[in-house]
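*Asks:* Protein sequences, first through last, are from chains E, A and V. Numbering-wise (my numbering), the first sequence opens with residue 1 and increments by one. Numbering-wise (my numbering), the second sequence opens with residue 288 and increments by one. Numbering-wise (my numbering), the third sequence opens with residue 696 and increments by one.
This list has only true hints and no planted wrong ones.
In silico lysine-lysine, DSSO-like type, Cα no more than 27 Å apart, as pairs:
#, chain 1, residue 1, chain 2, residue 2
1, A, 412, V, 781
2, A, 462, A, 542
3, A, 631, A, 584
4, E, 141, A, 542
5, A, 412, A, 631
Just so you know, the hints here were simulated from the structure itself, not pulled from any lab data. Note that the structure is predicted; figures quoted are calculated from it, not measured.
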Amino acid sequence: MSAQALLLQLVTGVVVGAIWVIVAIGLSLIFGILRIVNFAHGAFYMLGAYLAAFAVGWTGHFWLALLVAPLSMAALGVLVERGLVGRLYGRGLVYSVLATYAVSLVVIEGVKILWGTVGPQFRVPAELAGMVNLGFSFFPKYRLFVLLATALTVLGVWWWLYRTPMGLFVRAASQDPLMTQALGVDISRVLAGAFGAGVALAGLGGALAGPLRGVFPEMGLDILVESFVVVVIGGMGSLLGAVVAGLLVGVVQSFTFLWAPVFAHVVLFLLMIATLLVRPQGLFGTE
Amino acid sequence: MRITRREFLREVVAGGAALAIPGTLRSIAHAAPRESIRIGFPAPLTGAFADEANYMVQGATLAVEEFNRAGGVLGRPVELLVRDDRLSPDEGARRALELIERERVHFLAGVLSAAVQLAVNEVAKRHRRIFVSTSQSDKIVMPPDFSPWTFHEALTPWMTSTALARYVLREGRGKRVYILYADYAYGQEHTAAWRRVIGEVGATLVGVDPHPLGTTDYSAYLPKIVAARPDVLVLNNFGRDIVNSAKQAVELGLKQRTQIAVPIIPTAAALEAGPEVLGDVVCASSYWWEIQERIPKAKEFNTKFSRRFNRVPSDYAAYAYSGVRELLEAVQRTGTTDSDRVAKAMEGRRYAHYKDTQYWRACDHQSVQTIFLLRGRERPRGPYGLFDIVATVDGERVIPSCEALGHR
Amino acid sequence: MELKVSSQLLTARRPLEAVFFPVALAAFLVLLPVVLPYEALAAQILVYALFSLGYNLLFGYTGLLSFGHAAFFGLGSYTAGLLARKVTANVLWTLPAAIAVGAVGGAVVGFFCLRRRGDYFSLMTLAFGQLLYFIAHQWREVTGGDDGLRGIPVAHVQVGPWAYGLESSRDVYLLLALLTFGAFLGFRRLLRSPFGTALQAIRENELRAEAVGYNTFRLKLWAFVLSAAVSSAAGALNVYLLKFVGLNSLHWTTSGYAVLITILGGAGTLLGPLVGALAFVGLQDVLSAIPAIVDRWPFFVGLLFIVCVLVFPYGIWGTVERVQARFRKQAPALGGSES
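Input sequences plus hints: build the corresponding full structure.
*Replies:* Okay, structure coming up:
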């Protein structure tokens, strides 16, 4: 196969990985700070896509939608954390898994009740439509935009975590919640904020993915399990891990499609199992 | 811990009461008269084909309402019991069981997904109920799936893709074909038909790739296809899968030197994809509303449907309408709901409910009908004027023989 | 990990209970198809009850949250289906075969997953489950892929010349009722055995159990194997009912059902799975009969589940037991929870 085709396959894999990166960062954040495996992450991804699609429908501005979706999801995340998840902290992993799983059911079915089983139209905005000549091939402009958006998001999250006071509290809370509280930080705010941020990222991922893959109620189910794979391989609670693992898994899967399509889906779970057996904390995890 | 007799009795009573609640509630909720003629209609109201399923339900409803307005069938009202099969064969089997055992339906009809219809057919067979399938499938008219009570109103992939492939490959755009198909019965069977025709006309198959049903992101498959530089790209998938794969293929510039062909483009998918994607794409169809210009029956059907549902009927709406009508007319003619007698009455019958004449072939109960070949218009004429009719194929010419299908 | 279950260890039982429990269970099993609108529904409930019974052993009594149990349900289904198609549809062959395959699967999966604890354990079970799903999806020649396994002959029970075909849902229900009866009684016996008490000790405090001298890894592995075997049996029985195996049997959402039903009914209680299955399937049935709701019943089940998790963490039966315990004169710590 020609070098151009290989390059194209690579770039394609990176773009697929980019969406996973955004969603996985959110999942990793929630796990790192709250120690919760958020089974509702896929449902929030879907909600983000819906909200963005509606926002574009009402205002006609894609850029506004990209802001509206994650912000509203953040608010929703805080509500869910205060109202449900936050009450279950003492009870251990099991209950948060179950609660978020139940939230997932409710959200997905709720969406179907409110807006039917067929999702809204979400077209690529005119400014981003069309193709760009990358030299080795033509490539859709929108997908490059997704790559850019991901890079900016990663930078944004990094800056928030490492350069703002809130981020400092979040990191401290993940390392030692008791001590952080003893030092005077309102831990409940931090936890709510972290969950909200994680959910916002899921929503952003959905908003970006919407024009690519279509918006429909079940769109979050596959990405939920896929983001688990990425977070496990990258390391729970690690920002760098989510980025590296997301892109890596995207590229690996892309090339598996090319060379051994039979294994294209299986390879994800083999990698996940292998990581859990050999190095459970993942590439960059701190557990 | 000791359980006293009193506590034990209390538990039994409480348990019994708990058990009784669902039963009582159910009998209250379910108020249908038992003398009605009931048709069970599973359809994928949830999932990737939900749009088209809605059309189907509407078509079936139209047929049932027509009969009821005329006084019912054999003087009895007709009931259509729609169930969501969630695009899953498991669920389809469970719904079929529920329809037969609880609702005691006389017949089954509908189903959109190839995988689900085979499961529903299994259940219908075992209970000796007629099932009029409106889903594309090769297997359902062949042993071992076929049964004396199985009827197939929809086209088969064999017929559809044979007609389409012959047209595309003889048209002259080129002979190098790449096939991307959804990895379940529908995609596999259309691909098999294409392979046969490719062999027939001496074309070349430069690549064949399966993808899981419901794939949303085709970016991983497309670079390989671009590199192979095919003359024809065949997308053997359905519903939202068509929209996504075609859209993404066009985004990568594949339409510039490649003819894209899709076996069936349901109306809902066509509307969602739009002319930028579907312009110049060829497909086949059992029905395109614009045939009303040449076939009066179509005009009649279009008018009835749009008056009732405020939109133009799709091909699957037409299948549902026609299939249910045929069933009810047979019941009317034989004067009974007995499966064997009704089935015998349907065999061989010629009919035309929404287009030109079709008939049920005796050996496999396949509805032999006309196939229309369509090409997407780059500039549509109005919101529904999406396709040009480029050819008409007589079903008789593309249907395999009874022997070829395994019937004696 | 703290898990709120009816965590009362069992003591020697009294003779009266030994009769009450089986009689009550038998009465329930006899009444179920009579009260419900159709037999297939009753049969479906028992299938789910058995599936959850297996799951409950691992989750409720050993404290291990598996999210991949659909793998064993599916293994049992495909084994029974394939055997019926290729060799024999005699239940006396297909059911043990399904159980055996499930047990082996459980041993293999458990061997790997048990190397990790907590979240990692759960995630690994999920990964194995999905792995099996995608393998079955690809291996179309054997499993039928997305189309599922069809053409499965009607199951029958055959001993020598005497055969009984399981044609109707009622026949299948008969078999299911017998097996459910046996399974629950057997389970009750198991829970009182040294093995059963050891498992519960592990659930309460694994370190202490180890300190006391239990080989916790071996015990957990046995629990896994047993749990998988029972779930596989449920899968086989599902095939006798539907005469069809769908790929969804292996999907993680099916695993989710086992979790839901077990929690709803009451994890760590003997009858929890049965009550949970009745509630889950019954609720689904009742809700879908209401015209406004129809196919949106999972919404309400989800809501109920949230309520359950917040307010009734012990599930329906678990809460019933606790309420009973409060009205007992004896101290709960000495009591047993075998009802």
